[in-house]
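Participant: Residue numbers for the sequence shown, in the numbering used here: 334 to 906.
Hints were generated in silico from the structure; no laboratory data involved.
Don't take every hint at face value.
[What the hints assert, rightly or not] Here are the simulated distance ranges between beta carbons:
no., residue 1, residue 2, range
1, A615, A893, 44 to 54 Å
2, N449, K512, 13 to 23 Å
3, H656, A893, 17 to 27 Å
4, A615, G872, 44 to 54 Å
5, Q868, Q538, 44 to 54 Å
Where a beta carbon is used, it is the ideal one built from N, C-alpha and C, also for glycine.
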Amino acid sequence: MKSNNSLTTYVQRVIDALVAQGVTRIVISPGSRSTPVALLLAHNAARYHLKLFVDVDERSAAFFALGMAKVSHQPVLLVCTSGTAAANYYPAVIEAQLTHQPLIVLTTDRPPELTNIGAPQAIDQDRLYGQYVKQFAQLPLPSADATTLDYVAFNVQRLVLASETTPLGPVHLNLPLRKPLMPDLEPVAGPPVVRKITKPVGDRQLSPTQLTQLVGQLSGRRGLFIAGPQETADDWSGLVQLAEAVGWPILADPLSGLRQTDSSLVISGYEQLFAPPITLAAAQPELVIRIGATPVSAHLAGWLKAFDGPVTLVDAAATLADHTLATTAVIRTTVATLVTQLTGRLAGAPAVYTQAWQTLEQVYRQQVKLAFQTDQLTEGQVAYTVATQVPSANVFVSNSMPIRDVDQFGIPQTHSLNWWCNRGANGIDGVVSSALGMAAVSDRANYLVIGDLAFFHDMNGLMMAQRHQLALTIIVINNNGGGIFSFLPQAAAESYFEPLFGTPQNLKVSAVAQLYEATYELVASTADLQAALQQSTTGLRLIEVRTDRNENVVAHRKLASALKAEMEAHLEN
Numbered sequence: 334m335k336s337n338n339s340l341t342t343y344v345q346r347v348i349d350a351l352v353a354q355g356v357t358r359i360v361i362s363p364g365s366r367s368t369p370v371a372l373l374l375a376h377n378a379a380r381y382h383l384k385l386f387v388d389v390d391e392r393s394a395a396f397f398a399l400g401m402a403k404v405s406h407q408p409v410l411l412v413c414t415s416g417t418a419a420a421n422y423y424p425a426v427i428e429a430q431l432t433h434q435p436l437i438v439l440t441t442d443r444p445p446e447l448t449n450i451g452a453p454q455a456i457d458q459d460r461l462y463g464q465y466v467k468q469f470a471q472l473p474l475p476s477a478d479a480t481t482l483d484y485v486a487f488n489v490q491r492l493v494l495a496s497e498t499t500p501l502g503p504v505h506l507n508l509p510l511r512k513p514l515m516p517d518l519e520p521v522a523g524p525p526v527v528r529k530i531t532k533p534v535g536d537r538q539l540s541p542t543q544l545t546q547l548v549g550q551l552s553g554r555r556g557l558f559i560a561g562p563q564e565t566a567d568d569w570s571g572l573v574q575l576a577e578a579v580g581w582p583i584l585a586d587p588l589s590g591l592r593q594t595d596s597s598l599v600i601s602g603y604e605q606l607f608a609p610p611i612t613l614a615a616a617q618p619e620l621v622i623r624i625g626a627t628p629v630s631a632h633l634a635g636w637l638k639a640f641d642g643p644v645t646l647v648d649a650a651a652t653l654a655d656h657t658l659a660t661t662a663v664i665r666t667t668v669a670t671l672v673t674q675l676t677g678r679l680a681g682a683p684a685v686y687t688q689a690w691q692t693l694e695q696v697y698r699q700q701v702k703l704a705f706q707t708d709q710l711t712e713g714q715v716a717y718t719v720a721t722q723v724p725s726a727n728v729f730v731s732n733s734m735p736i737r738d739v740d741q742f743g744i745p746q747t748h749s750l751n752w753w754c755n756r757g758a759n760g761i762d763g764v765v766s767s768a769l770g771m772a773a774v775s776d777r778a779n780y781l782v783i784g785d786l787a788f789f790h791d792m793n794g795l796m797m798a799q800r801h802q803l804a805l806t807i808i809v810i811n812n813n814g815g816g817i818f819s820f821l822p823q824a825a826a827e828s829y830f831e832p833l834f835g836t837p838q839n840l841k842v843s844a845v846a847q848l849y850e851a852t853y854e855l856v857a858s859t860a861d862l863q864a865a866l867q868q869s870t871t872g873l874r875l876i877e878v879r880t881d882r883n884e885n886v887v888a889h890r891k892l893a894s895a896l897k898a899e900m901e902a903h904l905e906n
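Produce the entire structure from the sequences given, and follow the hints as far as they go.
Facilitator: Below is the structure:
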């Protein structure tokens, strides 16, 4: 084989730079143009303790990497060949940008002389992902020139740092390569020649004057915390203690991570409470402090949009992402820093206000528990059962109805249950792959709650469980179609509804289990589901729950109405 020292030295320097910055998890999509990168990553795997995953479907691969980045809070490298392979990464790149996940996308490319002249598998990959990456770098063609090697290594490191710097997000490296593509695979020894660049340090704090002003605005007032999805490794644990000290409720989205407590001020019953018409009486807040991303609850968003008091957004990146347009002030710091600065400085809210919220939540939790003391297995029952019966686990939840049911019926528990969901673009694509990415970096039991359409959409992602011996228990809620549309106005267009929105696929989940070598169980009652959830969580398991879309609408609306009425009755007393 002809020696290819320049290519080998160059690609090795790229890998050294990635490893120097702590990138050790890699998802490779097979292809020809990416040959030297894939081979040298495999060649360096033992030396650098790299964890390599190979996924033949680029869309699945990208969501798999996203799941790993989301749960580990560490950058994950994606590698693919040129052409539409890179385009298939786009949906996950969008999700990573919107949820601030550190994806490092390395696309290999044809050399300049093969672009825009009709060469096979050549598309314009310059800034392919547009505004959905934080930074883009067009790397030069391979060269053994020392200056070029230093330049390339620095740019790789610069982009990895960018992915991990607030606001976190994906970055794109485009690497053109000429044939021959085979690198030298001689033994590699010694430490990497690239030195690590440390992450930016420092945390914004309120100045003494700013802190005094803020304390004056908040002290003794009827405040309300709204905690949306937590997308970073910021420590929010102190928020509950602060809330209890000042008597402020926390409306805690399931993705906030704050429902893992028995605090009476962690509120989960707000979706029904804020359904119009809204009557808060003694529970009416004077001001709101928001943390995290956009909450799942649509009724909460509607209430916030109409709220006429001050709304302060705590956002270290100061991106001002607020579709309710309610924000009146931004504090550019982390939640942990703000909690530290405010602790011990605020007078409490009036007791009647705090007690009103505590009563509302107590009533809500009691009524939800009573409503689901039945063996009839509804979609809401699935969410409640998973929340109460699965201890110390990671649970990925699909968009559409499953995450809404978890939001409403996943009442706070004292056990460590981490909920995950792709709530950036809120799509149903890539959910299976994202959950398997979660499982790949998890040290606990792993579950996925998903509808039949989202499951069907990413079925080929199941191959990763088989290939890499991943453990994931998947609860497939099979209502034979798009259940959420039955709640929307288009459900009234009966003549067109099923073919355009209901879209039944008649999916045989048992056949899917056989195809992907998963264990399968059909459950028909709450007791069956509880028993299934207590079984072994090793390997790939599919638990199917069959429901009826029309019955689901009736059950949801009946329960929501009853819950709202019960809470409001206690507000009036």
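Participant: Going back to the hint list, which numbers does this structure go against?
Facilitator: 1
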